[in-house]
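Under the UniProt record's numbering, the first residue of the sequence shown carries the number 1, and numbering increases by one thereafter.
Wrong hints could be hidden among the right ones.
With a straight-line Cα cutoff of 27 Å, these simulated DSSO-like cross-link-like pairs (lysine-lysine) come out [as the list claims (entries may be wrong)]:
1. 209 with 242
2. 310 with 209
3. 324 with 424
4. 310 with 535
5. 310 with 324
6. 535 with 424
7. 242 with 213
8. 324 with 535
For the record, the hints were derived by calculation from the structure and aren't laboratory data.
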Amino acid sequence: MRTQDLYPELTASEVAEIIDPVHFGDATERRGVLDVPSFAATPDDFGPGNERYTFERVCRHIADAAIAAHPATFDTGVQDLDAFGLDLSRTLTDDIAELLIRPLADSVRPCDGVPDDLTYRTFCADLCAHGLAAFAGEFPVLWERLQVRLVGRLDALRETLDRLAADRRDLQQELGLNADAQIVSIGMAGDTHCGGRTVSVIEYDDGFKLVHKPRPVDCEAGYSRLVEELRSDLDLDLPAAKVLARTGYGYVEFVEVDDDADIDLRDVGRLGALMYALNARDMHFTNILNTARGPVPVDLETLLHPLRQKSQGTIETPDSGYQKLAVSVFGIGILPMIVTREGHDGYADVGYLGGGEVHGSGPFRQFRVEDPFSARVRVSWAPEQRTAVQALDGLDTTAAVVRHSCARMVNGFTQVYRLIAEHKAAFAAAVRRCFAGAELRYVHNATVQYAQCLRVLTASSPSRDAELAKGLIKRIGIASRGADRRLIDAECQQLWKTDIPYFLVRADSDVMTDGVERRPVAQFDRSPLAQCVAKVDAMDEHDLQAQVRLIRVAFNAKLADPHTMAPAAEVLSGAAAPEDSSGEAQLDLARYVGEGLVRDMVQDRYAHLPQTWIGPVATAVANRPWPPGVLGYDLYTGRVGPALTLAALGRALSDESMQAASLAVFEPSARILDAGSYEARSIARSGNGAYAGFPGALWAMALAGRHLDRPDLTVSAIDALEFLRPAKPGQDDGWFDLITGDVGVLLVRMALGRDCAAEAVHACDVALSTGLIQRMEYSGLAHGLAGLLQLAARTHAITTDPVAAELAAGVIDELDTVFGRGAGAPRTARTGPANESDSWCNGSAGVLIAMSSAATAGLVTADRVQSMVAGLADASIATSATLCHGALGLYGALGIAAAHAPEQARPLQDRLAGYLAPERLRRFLDSPDSRYSQGPCLMVGRAGVGWHMLSRTGHELASPLDMGEVILDA
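Let the sequences and hints guide you as you build the complete structure.
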């Protein structure tokens with residue numbers, strides 16, 4: 001396979017910089033040859049009824065051969081050796097199947113005239129009859145790695161049994177093991193590290209269980225001691241598991257899960273505050289257990305976790321948004337934590353409170369065997385489908401329950417946070433005492449990234465070709481870019497040996513070692529203890545509020561978008577008090593928004609990148625949560641929306657700090673685009689959607705250049721349009737989606753005065769010729785027919801081409817006849833309930849904007865716009881204070897429509913302004929119960945309120961609602 005095929009996201013120079021220096025061993029250090037004897041089997045020994053899954057008996061044959069050939073014995077302290085051996089055989093069989101099933105499936109072929117099931121069974125019998133020699137010869141890389149895997153697993157088991165025997169007396173005294181108890185089973189589940197070692201659950205014949213951890217348990221022991229001190233000194237009572245620590249390994253009490261335990265979210269908040277102060281990581285749903293004593297953390301190897309190591313290339317800014325998020329309460333893993341996979345609509349919630357819940361096409365994949373027990377068997381990777389493991393009741397049900405749960409957690413978190421902050425010196429001293437000399441685990445990349453790398457190696461091609469296999473392993477260097485090269489080499493070496501990479505660092509040291517041979521592989525700026533103490537020293541009320549905001553964002557992330565509607569007569573009936581609607585009050589609120597945006601701004605990963613914010617990260621995928629994250633470059637919920645708002649506010653308010661903050665986003669962006677550097681490519685990967693992609697960022701930059709009197713920014717934005725290479729419109733209806741589709745490139749080119757007439761006419765022609773009008777499910781601007789009308793209107797305005805007029809006429813006819821209400825609010829969807837909405841994205845506000853564009857282009861008369869506005873007085877109005885699907889968007893749409901319907905739109909807009917009084921909007925901004933009030937973005941966040949307030953004070957602004965023309969010659 002060619003280099004560019006292995007690393008398609010890298011240039012040749014980047015391959016030379018990142019990949020070529022990676023080096024790891026040429027062999028896997030076999031400690032014994034796996035000689036699988038022939039096995040006299042018949043086809044009748046295989047297939048359904050004889051096997052739990054396809055190729056199980058072949059894999060079991062290999063497992064039994066490995067157990068028989070291994071010199072170790074497994075009778076130390078074991079009650080029933082035969083039963084123990086069967087259990088071990090099953091464990092190893094499943095392990096082998098994960099490695100071999102894909103090459104095995106590729107090796108069996110259908111035979112003409114022979115039933116597929118018989119061909120499969122005959123293939124398995126022949127394979128075993130010859131000791132798998134031919135298979136081993138065809139897949140030498142896989143066979144060698146398999147031997148290392150099996151020998152490591154068996155040696156690890158022997159090691160565990162020896163330790164249990166040697167430590168028996170102390171296990172009796174410290175953890176309550178009975179003197180005459182014998183081992184029934186050893187469950188070797190989970191990831192393997194350091195030569196096939198894995199955490200084991202030991203079960204005895206009297207029902208007693210304990211957990212053996214083949215790595216240092218210093219963190220568990222230190223945490224147990226710390227909890228005891230805090231209980232005594234600060235009256236903070238938190239449960240902890242019992243621990244027996246040994247050098248390099250140890251034992252932990254087996255904590256029984258109580259599914260009926262009534263977990264108080266206040267206790268979760270208390271635990272979260274302590275974990276926050278201890279720089280904990282990886283406290284996901286399997287590492288904290290619900291018990292009758294409350295939530296008990298059981299896997300604490302990543303306490304005092306240091307910041308991500310980097311020693312090459314551009315050094316990450318120590319105060320970046322990514323660093324802030326990593327060391328935040330959200331970074332612990334205790335809150336709902338959403339994991340997604342690009343291109344898929346599902347997600348998993350791996351946070352403790354999320355309980356491992358998987359929805360739709362989740363991000364984690366597992367084997368899917370098609371045509372099992374057949375010559376046509378094939379193996380693919382399918383999204384994992386499973387339900388919650390231990391999600392706390394009600395966390396994803398009603399908004400009221402979620403908000404109550406959030407308030408409880410905030411209460412407990414705040415209590416313990418302030419307790420620690422008030423006793424910083426005493427707490428830091430206790431941490432130093434309890435963790436002095438402790439060995440900690442350092443997690444460089446997420447386990448799922450390592451696991452994906454190992455899965456790729458099980459395919460047939462890398463199982464044959466050592467160079468290809470090593471080339472695939474080196475891909476981890478992309479994820480580890482900038483880390484010490486010794487660390488990357490160690491990652492690859494451990495992956496080559498089928499293990500998840502494992503690294504250690506002493507709490508009081510700045511040197512990291514690999515977990516296998518304890519060789520130094522990297523160095524930190526400060527020891528983990530020093531980093532922890534510095535964090536505790538910085539804990540104050542401002543930081544507390546930042547953490548509380550993240551808790552609220554994480555909880556609200558899983559709630560559906562609030563689309564609360566009220567009758568227009570009810571919303572428009574009240575008028576604000578004169579002082580509330582005054583220009584001074586409006587500017588005060590705009591200033592409040594701007595000052596908050598400036599205060600909350602954070603650095604990106606590197607100092608030369610545009611600055612940004614932390615907030616809810618939106619997704620264009622329906623029903624996917626909006627978890628906390630560092631904002632990207634899109635206009636919808638990215639950094640350019642708040643930056644554009646600050647540019648406008650800074651000019652209107654003559655506020656230099658707001659203008660400087662805006663420039664901190666747009667100036668670096670312009671430099672990157674002008675230089676055409678790697679980051680420009682990265683920014684452009686956000687896509688071609690007008691609102692969820694790169695085009696909207698360019699429109700915002702061009703407009704910001706006007707507000708900031710920086711024509712160079714506008715020129716940079718226009719020049720950067722050359723980065724955009726949209727696909728040609730075709731059968732993919734998503735091309736015409738304004739939020740995410742490639743049509744966004746055309747709309748922004750038109751707004752910035754670039755010649756794209758031919759492309760626009762072609763797009764209109766494709767929409768007509770493919771019958772798109774009749775297929776579109778929605779009527780709205782963002783994802784539906786109004787978006788097509790907007791395209792037709794803009795195209796006709798610059799070309800007067802009859803194709804654009806024909807498309808507009810077809811859309812309007814469809815809106816009238818199929819979506820029901822030509823004059824008022826059309827129904828939002830073609831099928832299902834006849835729902836109405838006044839939103840910008842999916843409702844009448846967006847349709848009104850498109851109809852106004854059509855009137856401007858001469859495609860409809862003004863009376864059509866006037867009748868639509870008149871119909872809104874009898875409709876319902878969304879009460880959310882957002883531009884996208886709230887009253888702010890309707891207000892903005894009425895302002896656009898006023899060009900053609902001033903007598904209808906202005907009075908309605910004035911009445912709506914009474915509802916949107918500054919006092920009401922201030923309450924919205926200060927609300928703890930909305931994802932929108934917690935976020936800084938433009939279309940569904942705080943920046944949108946600032947933009948709205950400024951638009952009401954007489955400042956003329958090109959609106960993001962219609963991505964209007966940016967005047968370039970003024």
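Are any of the numbered hints broken by this structure? If so, which, sorted upward?
Per hint list: single violation, 2.
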